[in-house]
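Undergrad: Going by full-length UniProt numbering, the residue at position 309 of the sequence shown is 309; the numbering climbs one at a time, nothing skipped.
Hint data in this document are derived by calculation from the structure and do not stem from the laboratory.
Beta carbons: idealized from backbone N, C-alpha and C, even for Gly.
One thing to keep in mind: the hints can contain errors.
Said to hold, decoys possible - Cβ-Cβ distance ranges computed for the label pairs, FRET-style:
hint	residue 1	residue 2	range
1	313	290	28 to 38 Å
2	127	212	53 to 63 Å
3	239	290	40 to 50 Å
4	325	290	45 to 55 Å
5	195	233	50 to 60 Å
6	287	325	46 to 56 Å
7	413	320	57 to 67 Å
8	284	325	51 to 61 Å
9	297	325	33 to 43 Å
What the hints assert, rightly or not - Derived DSS-like pairs (lysine-lysine); straight-line CA-CA distance at most 25 Å:
hint	residue 1	residue 2
10	288	301
11	349	336
12	340	327
13	340	398
14	286	301
15	349	381
16	197	186
17	400	357
18	274	263
19	347	336
20	330	341
21	400	349
22	327	349
23	274	235
24	274	347
25	288	303
26	381	358
27	120	140
28	357	381
29	271	260
30	348	358
31	274	288
32	381	348
33	227	214
34	120	143
35	286	267
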Amino acid sequence: MGLFTDENEKKPLPASENFQDNTLRSPNTSQQLGKYIVNGLEMLSLSDIKVEVDRKNEAFDDGISDDHSEGLSMFGTISAESNGNEDCVYLSSIYKTYMKVNEKIDKLIRREYFDRTFVKCVLEEICRGDLEKARGTICKELKDRDPHFSVETYCSEQRICSGGNVSQSINGLLGDLRDIEEISHKLRRMFFDMRSKSFEAELGYARSSSEVVKQLDKCSRELEDLKRINGMIAKDVVGAIKDFGIDTSVKENDFYDVSKALKDVLKGIRKRVKTMESMSQEVEMKEKEYENVLKDYTELKGKMDRIINENASFSEAVARLSTKNAKIRKDYDTLKEALKKTVESNKKKSITIDRQKKIIDVLQSRIGDECILPVNELQSKIDEIRRRADSELDLSIKSKLEEEIADYERRMSDFLSLLNKTG
1 MGLFTDENEK KPLPASENFQ DNTLRSPNTS QQLGKYIVNG LEMLSLSDIK
51 VEVDRKNEAF DDGISDDHSE GLSMFGTISA ESNGNEDCVY LSSIYKTYMK
101 VNEKIDKLIR REYFDRTFVK CVLEEICRGD LEKARGTICK ELKDRDPHFS
151 VETYCSEQRI CSGGNVSQSI NGLLGDLRDI EEISHKLRRM FFDMRSKSFE
201 AELGYARSSS EVVKQLDKCS RELEDLKRIN GMIAKDVVGA IKDFGIDTSV
251 KENDFYDVSK ALKDVLKGIR KRVKTMESMS QEVEMKEKEY ENVLKDYTEL
301 KGKMDRIINE NASFSEAVAR LSTKNAKIRK DYDTLKEALK KTVESNKKKS
351 ITIDRQKKII DVLQSRIGDE CILPVNELQS KIDEIRRRAD SELDLSIKSK
401 LEEEIADYER RMSDFLSLLN KTG
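Model the full structure from these sequences, guided by the hints.
TA: In structure tokens:
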């Protein structure tokens with residue numbers, strides 16, 4: 001009929017998908033119905049009742065039956081997997097009814113591919129009983145989509161011109177809602193029954209627990225007595241083992257390891273006996289070796305005594321030689337010191353002679369020249385050497401320079417005395 005020629009219009013959804021409208025909040029919609037069932041399940045969970053929804057091998061038919069007596073008769077049956085446990089409630093019939101009601105509303109939404117707001121508006125009008133207004137709203141929407149839309153043709157094709165079919169669908173929905181409400185009341189009654197049973201079971205468990213606690217206390221006291229006796233036995237055994245001199249890892253209050261400790265003690269004794277036998281053989285061998293060593297020691301002691309006597313005579317000779325050597329070394333040191341002083345004196349004299357020779361050579365070279373005062377040259381030389389001595393850091397070189405200055409000063413004093421005599 002050309003209802004979806006516009007590209008901006010919504011694409012039709014596949015018929016196999018479940019269309020769930022989260023915006024429908026009318027009292028008679030599938031969303032409210034789902035909340036109604038969820039509230040019932042939450043009531044059951046308050047008493048820790050295990051709710052199982054078995055959907056294995058179940059197929060939901062497209063045809064909807066108005067007779068729900070079969071579904072209600074299945075309510076409250078016990079699951080085969082619960083093994084007689086009354087805390088496990090089988091709710092497949094409730095879930096099936098909910099899915100059938102939800103499927104009815106989904107078919108209304110999927111059949112003409114209306115948007116959610118439009119379907120919500122139409123459902124609200126139907127629930128209020130204004131079928132004419134609902135039909136007018138649908139026809140107006142179809143005319144807005146297709147100007148050539150014919151109401152009579154649409155009604156004849158969809159077979160919804162008479163209000164009977166729509167009323168029948170609405171009555172079916174309302175009947176389903178009444179069934180769900182009746183089921184919820186039965187669930188509430190079952191909840192209180194199960195809660196009372198659970199209280200009775202808890203009281204029985206409490207009485208049984210008190211008896212078990214009493215028995216456990218009695219067993220605990222008997223066990224403590226046994227532990228105390230075993231600890232005393234273990235303590236005595238461990239003390240005896242320690243007195244024997246064998247270390248074990250058994251605790252004093254551990255009775256169960258005592259037998260193992262005794263076995264370890266016997267093994268230790270056997271090992272000690274074998275060790276003592278081997279040690280006795282070694283002692284005999286050591287005694288024989290000691291006798292041989294004693295003989296060798298006697299012979300060596302005689303030789304050592306002779307060597308000691310010879311060493312004493314040699315020591316006296318060495319002492320005499322040492323005294324003589326010390327005297328010779330002392331004389332050598334004295335002569336060495338005298339020789340050193342003589343060498344130093346000769347060295348100084350040689351230096352003085354060389355300097356005087358240089359002065360004589362200088363004076364001889366200046367004979368016949370103009371009168372030159374050698375005192376001035378000596379003074380300049382002294383000043384130069386003194387400057388070098390003042391700037392010198394090495395003490396040995398500085399002492400040599402000071403000696404040279406003293407020598408030049410003596411020479412200058414000689415020249416001055418000579419000039420005074422000739423003047």
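Undergrad: Look at each hint and say if it fits the structure.
TA: Okay, the hints, checked on the actual structure:
1. 313 to 290: 28 to 38 Å: This hint holds: roughly 35 Å between Cβ atoms.
2. 127 to 212: 53 to 63 Å: Holds: the Cβ-Cβ distance is about 60 Å, inside 53 to 63 Å.
3. 239 to 290: 40 to 50 Å: Between residue 239 and residue 290, where Cβ atoms are some 41 Å apart, the hint holds.
4. 325 to 290: 45 to 55 Å: Holds: the Cβ-Cβ distance is about 48 Å, inside 45 to 55 Å.
5. 195 to 233: 50 to 60 Å: 56 Å, holds
6. 287 to 325: 46 to 56 Å: 53 Å Cβ-Cβ, so the 46 to 56 Å window holds.
7. 413 to 320: 57 to 67 Å: 59 Å, holds
8. 284 to 325: 51 to 61 Å: At 58 Å between Cβs, range holds.
9. 297 to 325: 33 to 43 Å: 39 Å, holds
10. 288 to 301: Answer holds: residue 288 to residue 301 is near 20 Å, not above 25 Å.
11. 349 to 336: 20 Å, holds
12. 340 to 327: Within the cut-off at roughly 20 Å; holds.
13. 340 to 398: 22 Å, holds
14. 286 to 301: 22 Å, holds
15. 349 to 381: Status holds; Cα separation ~20 Å.
16. 197 to 186: 16 Å, holds
17. 400 to 357: 19 Å, holds
18. 274 to 263: 17 Å, holds
19. 347 to 336: Holds, at roughly 16 Å.
20. 330 to 341: 17 Å, holds
21. 400 to 349: Judged against 25 Å, a Cα distance of about 14 Å means the pair holds.
22. 327 to 349: 33 Å, violated
23. 274 to 235: 29 Å, violated
24. 274 to 347: With Cα atoms ~92 Å apart, residue 274 and residue 347 exceed 25 Å; violated.
25. 288 to 303: It holds: about 24 Å lies between the C-alpha atoms, which stays within 25 Å.
26. 381 to 358: At roughly 13 Å apart (the allowed maximum being 25 Å), residue 358 and residue 381 satisfy the hint.
27. 120 to 140: Cα-Cα ~15 Å, so holds.
28. 357 to 381: Cα-Cα ~16 Å, so holds.
29. 271 to 260: At roughly 17 Å apart (the allowed maximum being 25 Å), residue 260 and residue 271 satisfy the hint.
30. 348 to 358: 15 Å, holds
31. 274 to 288: 22 Å, holds
32. 381 to 348: 20 Å, holds
33. 227 to 214: 20 Å, holds
34. 120 to 143: 19 Å, holds
35. 286 to 267: 28 Å, violated
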